[in-house]
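*Asks:* So the chains spell out like this:
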Amino acid sequence: MSEPQRGEHWYRRGIRTLQFLSIVLMWVFLGGAIIWMVNLVGAARAQGDAITLSVGISLVAVQVYALVASVLTYVFFGLQRGRRGAEE
Amino acid sequence: MRRFEPSCTRDEALFRPTEETSRRFYVAVAVLLAVVLFTACMYVRQLIKGLAVTGMMQPVTWGFYIISFVFFIGISHAGTLISAILRITQAEWRRPITRMAEVITAIVLAIGGLHPIIDLGRPDRLMNVFVFGRLQSPLLWDVASISAYFAASTVYLFLPLIPDVALLRERDKKHRWLYEFLSWGWQGTPQQWKVLHRAINIMMIVVVPIAVSVHTVISYIFAMTLQAGWHSTIFGPYFVVGAIFSGIAALFLVMIAFRSAFGLKAYLKPVHFEQLGKLLLAMSVLWGYFTFCEYLTGFYGGEPAEMRSLLYKISGRYALLFWTMIVCNFVVPVAILSFRKLRTIPGILVSSITVLIGMFLERLIIVVPSLENPRMPFPTHFYLPSPTEISLFAGAVALFLLGFMLFAKFFPIISVWEIQEGRELGIAETEQRLSAYLPDEEVARV
Chain A
1 MSEPQRGEHW
11 YRRGIRTLQF
21 LSIVLMWVFL
31 GGAIIWMVNL
41 VGAARAQGDA
51 ITLSVGISLV
61 AVQVYALVAS
71 VLTYVFFGLQ
81 RGRRGAEE
Chain B
89 MRRFEPSCTR
99 DEALFRPTEE
109 TSRRFYVAVA
119 VLLAVVLFTA
129 CMYVRQLIKG
139 LAVTGMMQPV
149 TWGFYIISFV
159 FFIGISHAGT
169 LISAILRITQ
179 AEWRRPITRM
189 AEVITAIVLA
199 IGGLHPIIDL
209 GRPDRLMNVF
219 VFGRLQSPLL
229 WDVASISAYF
239 AASTVYLFLP
249 LIPDVALLRE
259 RDKKHRWLYE
269 FLSWGWQGTP
279 QQWKVLHRAI
289 NIMMIVVVPI
299 AVSVHTVISY
309 IFAMTLQAGW
319 HSTIFGPYFV
329 VGAIFSGIAA
339 LFLVMIAFRS
349 AFGLKAYLKP
359 VHFEQLGKLL
369 LAMSVLWGYF
379 TFCEYLTGFY
389 GGEPAEMRSL
399 LYKISGRYAL
409 LFWTMIVCNF
419 VVPVAILSFR
429 KLRTIPGILV
439 SSITVLIGMF
449 LERLIIVVPS
459 LENPRMPFPT
469 HFYLPSPTEI
479 SLFAGAVALF
489 LLGFMLFAKF
499 FPIISVWEIQ
509 EGRELGIAET
519 EQRLSAYLPD
529 EEVARV
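Top to bottom, those sequences are chains A and B. Each residue of the first sequence is one higher than the one before, counting from 1 in the working numbering. Each residue of the second sequence is one higher than the one before, counting from 89 in the working numbering.
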């Protein structure tokens, strides 16, 4: 492999790693949202607040985050598979 | 399944803003940056001196910042809702509009979401929302719903952008790393198109209930209280209608500005303004109906606190603003847009400007007069926004313009692949329709 080819190879690898990290970040965000909601439901329980409402709202919000993260992940891996399929 | 052609150069005009930068662009960016910097200084001053630099005082504890928050989040409905509804209904004329609408949503949501933080005298206490927040509070529902809407609308903007980013990756060597990163390995293979279309279809359906719920939840921060003028069961749909209404008006302004600044007359044709103008007219009538219902029920009930607040708006200190709002949101748009001859680009421009002024006044009339008339025996304080609050509003508008200009500098503001897809589909559809009722060419020759 020549020097420019090696440079291009590492450049592409770096880009792909960053792309993968962006997907991971979305799931980390989802994890953070779940921890936050669980913490707030715990706080509601400790203060004797209406717990059902807290759980209901948390479930709706977390579902949206999860759906968005899932769609992004599906697209990311779907595009990678489509690209590899074309190269083969 | 279609094969994507990155070398296609039919729509060169759409790439021009990303490849050519005029002097006017730099001047505009410099002016907007100066406004944003000035605003930042005013905010730092507010941080140092506290909320005393604003016009807010007991009992008016919500002022320009919360008005701007509701106003900007309302405008954000332009994008996702309009784009998603037009995609779902397969309205072919949507193609040059959807990208602009989606960008408005993403930028305005980010700006609008900052306003409650600006409204906090001590922004360092923001973390308390995450640690000690009460999920029973509509304020926290706002945090959850706006962040979910922001995530969903950003993804909804990003997905249809991928094929265009791949086109730019081939053209722009200077920012290749950016386009390479954002194109996610797009090559336009049939498998990739299938995945992308499926994801866009999922998102266009999902974002509609999210967008509707966001503005409903924003109305709850008012409606869930027992404050006169706020405690209303129709506030949810009333806010949603107002949001779509102001969103369409903002979209028109952006369309008209970009049409003239970037020479996009071939793409943003009078038919687009005509069709969307009808939607603005429908929303204006709907807004008038909701306003009538909202005030009639309050008036008919005749509850003393409610009546005091209502009369304060329509014939008291806020009468001028109230009737200006009615003229701007109902009289002017209906008078202009009802007539085909007036439903031209200048007519739509006038209607859109008045609607945006009217909707800002509507938010002001909802927030402030009710606070000035509390149920408790409190001396009434007449709220006037301070220079700090006005400059922060100006800064938010400048930030929006700056964000939009920078987006247009790096990405096509009109979806290139959707325009090309529209052409292909249009030709195929016409051929299919003709072959259904006309004899085949070979048969006709025999």
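Since the hints were derived computationally from the structure, they do not count as laboratory data. Among the hints, erroneous ones may be present.
Claimed, not checked - Part of the chain B face toward chain A, derived, beta carbon under 8 Å:
id : residue
1  : 114
2  : 220
3  : 230
4  : 232
5  : 243
6  : 272
7  : 277
Claimed, not checked - Some residues of chain A that are not near chain B, with every Cβ distance over 10 Å (derived):
id : residue
8  : 3
9  : 5
10 : 9
11 : 10
12 : 24
13 : 31
Even for Gly, the Cβ is constructed at its ideal location relative to N, Cα and C.
*Asks:* Flag every earlier hint the structure violates by its number, smallest first.
*Replies:* 1, 3
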